[in-house]
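Position chain G against the provided structure of chain U, taking the given hints into account.
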Amino acid sequence: MARAVTPRRMILTTIAAWGVALVIAFPVIWMILTSFKTEASAVASPPELIGASWTVENYVEVWSRSDYPRFFWNSVVISVGSTLLGLAIAIPAAWSMAFVPGKKTKDLLMWMLSTKMMPAVGVLIPMYLLFQRLGLFDTKIGLVLALMLMNLPIIVWMLYTYFKEIPGEILEAARMDGAALWNEIVYVLTPMALPGIASTLLLNIILAWNEAFWTITLTTTKAAPLSAFIASFSAPQGLFYAKLSAASTMAIAPILILGWFSQKQLVRGLTFGAVK
Amino acid sequence: MGKIVLNRVNKSFGDVAVIPGIDLEIENGEFVVFVGPSGCGKSTLLRLIAGLEDTSSGRIEIDGKDATTLPPAKRGLAMVFQSYALYPHMSVKKNIGFPLKMAGMDAAEAEKRIANAARILNLTNYLDRRPGQLSGGQRQRVAIGRAIVREPAAFLFDEPLSNLDAALRVSMRQEITELHQTLKTTMIYVTHDQVEAMTMADKIVVLNAGNIEQVGSPLELYHRPANLFVAGFIGSPKMNLIDGAEAMKHNATTIGIRPEHLDVRADGPWQGIVGLAEHLGSDTFLKVTVEGLGTLTVRATGEVSLRHGDRIGLSPQLERLHRFGADGKALA
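From first to last, the protein sequence lines are chains U and G.
Number 276 marks the last residue of the first sequence (full-length UniProt numbering); no jumps.
Number 332 marks the last residue of the second sequence (full-length UniProt numbering); no jumps.
Chain U on its own, in the form it takes in the complex (with noise of 0.2 Å):
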């Protein structure tokens, strides 16, 4: 039997998830009200908010005082590079997984994902060293490296997922007309299972893009992202609190607006297979 939805019900439901969301929300919120205040305002106790003195002078020091554009374009590059190459070899990997499964796929699917379970500071001396060693220290193309690898288990997990729901008569019809490996992959794999891939695409870049432990620990100057970007505000000289609020709405403005727009996309993408 259905469950009757009561216009009370329906009123405390709507006001209970209002107030879940503000409390999730509330941290960045008030992040950006504060890269508005000036400094003194930001830090005032008890918090000002009405009374404040509003001010876009930030914005204009965390500009002029840094090189946002680099730091916004390592970001891209990393973010969007590393998803781009774990897709290149997470699709034929999960079509494998999928399609002509081993007797140990399964066992071999869980190490893959248990090793996201592994504290990324055990491995922080090695992948120093081993950086540092092969010349990719600072360089963008190391850190494409790093986050394609720390992320290509989900990479491969989600599309083994999607891969999974896609009969295999298509593909077997696809070999009795004549498509080679590749041409199966392409022609009719790829584009059935393009919603899948399409979130599993944003769903990275922006884990990527929120990525700072490793984008912080293995580069300076030349390939900081936008996190390293946030962390340089923290002078020793004291927290500009106006100023890093500044600075860190600066650096997610760009996801939080993929993430806005492709919301649609990303919840489904991530109960994709939950639901017949």
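Do not take every clue at face value.
To be verified - Label-pair distances were calculated between CB atoms; the ranges are:
hint, chain 1, residue 1, chain 2, residue 2, range
1, G, G132, U, R9, 33 to 39 Å
2, U, T38, G, G132, 56 to 62 Å
3, U, T105, G, L70, 23 to 29 Å
4, G, N163, U, M10, 40 to 46 Å
What the hints contain is simulated information worked out from the structure, not anything from laboratory work.
Here a beta-carbon is modelled for each residue, glycine too, at the ideal position from N, C-alpha and C.
For chain G alone, kept in the frame of chain U given last:
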């Protein structure tokens, strides 16, 4: 051309031999139906011929050439799947043209072949639609179209009508039969439905547990089933099988008599009581319980005014009686 020869073809999954070893010859232009209960290996056998499964041992020849290890695309066969297996993101036209595109055929020739296939299958008005916008029958026709544009040596059908409703199944059955008459290409058709097998086939291959029970024309199987399995499987309603003393009278372990070969006559030797009468209009199926023989099915022509509980006599047409030995094989 489309002669297919199977020589000791075996398929095992681990220790389980799904197809222990099959020998079969399919002549060019024949309509061959593989029929059998679910799990009898008929689909696996078709997939072995298609190349979608590898044989464990044995040899498959297509037009005199060894095709045992050839990939599916190189065998010159086209397949129609039970689920249609259309490409959902492509239009009907692109679906039908896909094998031609894979073969690298030039656009003008491909266009001609697609138009021709669409005309044969009444799909001309639907060429720009996606499979999702078509009915089940139309989708099946697209799947057939995709098969015929390639002009293959043989068509393989894997239970192509089982997803259609009863009325559509009958009309598609006729369409496929007519297509075979037009194209005169070898067709191998897998089904579990013996009515499909009887109505469509030039030659029926009855399979059971991965073995061929009998090969023959529909009427050969109907009139001269080689064993109890074929006797029970071919014909609808099923043949009545009787063991014991009555069979002994005919020097057999089991005797079989088809429902249509039992006459209702008051003085018939087998006296029984009508349990159930199914009135179909053209025929009436009676379930009659005969003492010592069990429940027999009788097919009476036309409308018969018999009801539950009526006492009747049955008389078997002795020349139509089938006799089977202890090993289940038919006795001469």
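Structure-based check of all given hints:
1. Checked against the hint of 33 to 39 Å, the pair G132/G and R9/U passes, with Cβ atoms roughly 37 Å apart.
2. Here the CB-CB span from T38/U to G132/G is close to 59 Å, well matched to the stated 56 to 62 Å.
3. For the hinted restraint 23 to 29 Å between T105/U and L70/G, the CB-CB distance of approximately 27 Å keeps it satisfied.
4. At about 41 Å, the CB distance of N163/G to M10/U agrees with the hint of 40 to 46 Å.
When each numbered hint is compared with the structure, no violation occurs for any of them.
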